[in-house]
Amino acid sequence: EDQVTQSPEALRLQEGESSSLNCSYTVSGLRGLFWYRQDPGKGPEFLFTLYSAGEEKEKERLKATLTKKESFLHITAPKPEDSATYLCAVSLVQGAQKLVFGQGTRLTINP
Amino acid sequence: DAGITQSPRHKVTETGTPVTLRCHQTENHRYMYWYRQDPGHGLRLIHYSYGVKDTDKGEVSDGYSVSRSKTEDFLLTLESATSSQTSVYFCAISDPWSGRGNEQYFGPGTRLTVT
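Protein chains in written order, with this note's numbering: chain C, 1 to 111; chain L, 1 to 115.
Keep in mind that a hint or two might mislead.
What the hints assert, rightly or not - Below, computed lysine to aspartate or glutamate pairings styled on DMTMM-like, alpha-carbon distance capped at 25 Å: (1) C:K98 with L:E72; (2) C:K98 with C:E15; (3) C:K68 with C:D39; (4) C:K42 with L:E72; (5) C:K69 with C:E45; (6) C:K59 with L:D95; (7) C:K57 with L:E72; (8) C:K98 with L:D56.
To be verified - Anything over 10 Å on all C-beta distances counts as not near chain C; from chain L, calculated: (9) G3; (10) K11; (11) V12; (12) T15; (13) S67.
No wet-lab data here; the hints were simulated from the structure.
Only a predicted model underlies this, so the values are computations on that prediction, with no experimental measurement involved.
Backbone N, C-alpha and C define an ideal beta-carbon position, used for all residues, glycine too.
Take the sequences, apply the hints, and build the full model.
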């Protein structure tokens, strides 16, 4: 069964304290891995797509990396406005237009 | 926002009544999706469409039907609502031929409560 697992479930950091979120997957054939940000009461907002092991993408204080079994979302010197739930999803070779989501990591940045 | 609207944004209905949620896009994307999001389960795919009148089931399709008569509109119908269908429903769109890749773009969501 294709599975996506995110850890930790929740993470509380002080402003400026860097950390990483993990997304591990066991799937039959990975076509792409996606990161989203979701604020309370809103729809997920697309951040990054990664397609192959070793690939990295950056946007402001966020950097996403991909290996053959997992992806990391690194957050450098976070600010309170980075507080959100971060979702990871994978698309498969079979059924490439469908996404399988993890349950998310709820990130809180305290000022 | 990616030009996606959902209506209604909030709805309270009674068990056994039919409910239709609407998703409208202005991006001319080929694929449209309906998800539900529940605590402890994350986002789960209900149904999706890969073109006008072309639809397929997702992992939690029981009790739901969909229709797509125009590129821009994708309707989700609960034929006879049950309390287990209380959830937040999200519509999404994608089009790998648009130059954007396989990523999906989400609407603002509809909060449905079945009493």
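Hinted pair C:K59 and L:D95, Cα distance within 25 Å: holds, 23 Å
Has the given pair, C:K68 with C:D39, been kept, meaning a C-alpha gap of at most 25 Å? violated, 29 Å
Are all beta-carbon distances from L:K11 to chain C longer than 10 Å? holds, 15 Å
Hint check: C:K98 vs L:E72, CA-CA at most 25 Å. Holds or violated? holds, 19 Å
Are the Cα positions of C:K98 and C:E15 separated by 25 Å at most? violated, 36 Å
Should the label of L:V12 as a non-interface residue stand, given a Cβ cut-off of 10 Å to chain C? holds, 17 Å
25 Å Cα cutoff - pair C:K57, L:E72: At roughly 31 Å apart (the allowed maximum being 25 Å), L:E72 and C:K57 break the hint.
Report holds if the minimum CB distance from L:T15 to chain C is greater than 10 Å, and violated otherwise. holds, 25 Å
Given the hinted pair C:K42 and L:E72, is their Cα-Cα distance within 25 Å? The hint holds at about 21 Å.
Agreement of C:K98 and L:D56 with the hint, judged by alpha carbon distance not exceeding 25 Å: holds, 11 Å
With 10 Å as the threshold, tell me whether L:G3 passes as away from chain C on beta-carbon distances. holds, 13 Å
Non-interface claim for L:S67 versus chain C (Cβ beyond 10 Å): Holds, because the least Cβ-Cβ distance between L:S67 and chain C comes to about 19 Å, which exceeds 10 Å.
The structure fails hints 2, 3, 7 (numbered hints given earlier, in ascending order).
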